[in-house]
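S.K.: Sequence:
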Amino acid sequence: MQIRTIANPIPPARETSSVSSAPSSESKRISDNVAQARNTAMSALTNDRFRAMLEQITDPGASGALMTMRGDNVVDFKSAQSSYADNSE
1 MQIRTIANPI PPARETSSVS SAPSSESKRI SDNVAQARNT AMSALTNDRF
51 RAMLEQITDP GASGALMTMR GDNVVDFKSA QSSYADNSE
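Residues 1 to 89 (our numbering) make up the sequence shown, in order.
Where hints are given, some of them may not hold.
Cβ-Cβ distance ranges computed for the label pairs, FRET-style [stated by the list, open to error]: (1) G61 x A37: 29 to 37 Å; (2) M53 x R29: 27 to 35 Å; (3) T40 x S88: 37 to 45 Å; (4) V34 x E55: 21 to 29 Å; (5) F77 x S24: 53 to 61 Å.
These are computed hints drawn from the structure, not numbers from a lab. Every residue, glycine too, gets a C-beta built ideally from N, C-alpha and C.
Just need the whole structure built from these sequences, with the hints factored in.
M.R.: Printed below as a string of structure tokens:
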């Protein structure tokens, strides 16, 4: 798997209204949210642990193994409920 990043910043949106040249509080909030989301995404893309995890979960062999994985200790509902009641007292 190869992750490519494009580091060109997106220019801020310009308001079409000629009444006010200052950005509104709503557009400022949206711009800040977009910048924060972009920073978070870039951080995730450059994080080696995240990259390794992403490679593992997107591997077809690994996802098939996860789908067929079953626990050997299957417990019925009444046994689990009884055990939970014993431990909560």
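S.K.: Could you run down the list of hints and mark each one as holding or not?
M.R.: Consistency of the hints with the structure:
1. Taking the beta carbon of each, G61 and A37 are about 32 Å apart, inside 29 to 37 Å as hinted.
2. Between M53 and R29, the C-beta spacing of about 32 Å keeps the proposed range 27 to 35 Å intact.
3. For the hinted restraint 37 to 45 Å between T40 and S88, the CB-CB distance of approximately 39 Å keeps it satisfied.
4. A hinted range of 21 to 29 Å for the beta carbons of V34 and E55 is consistent with their spacing of about 28 Å.
5. Separated by about 55 Å at the C-beta atoms, F77 and S24 satisfy the suggested range of 53 to 61 Å.
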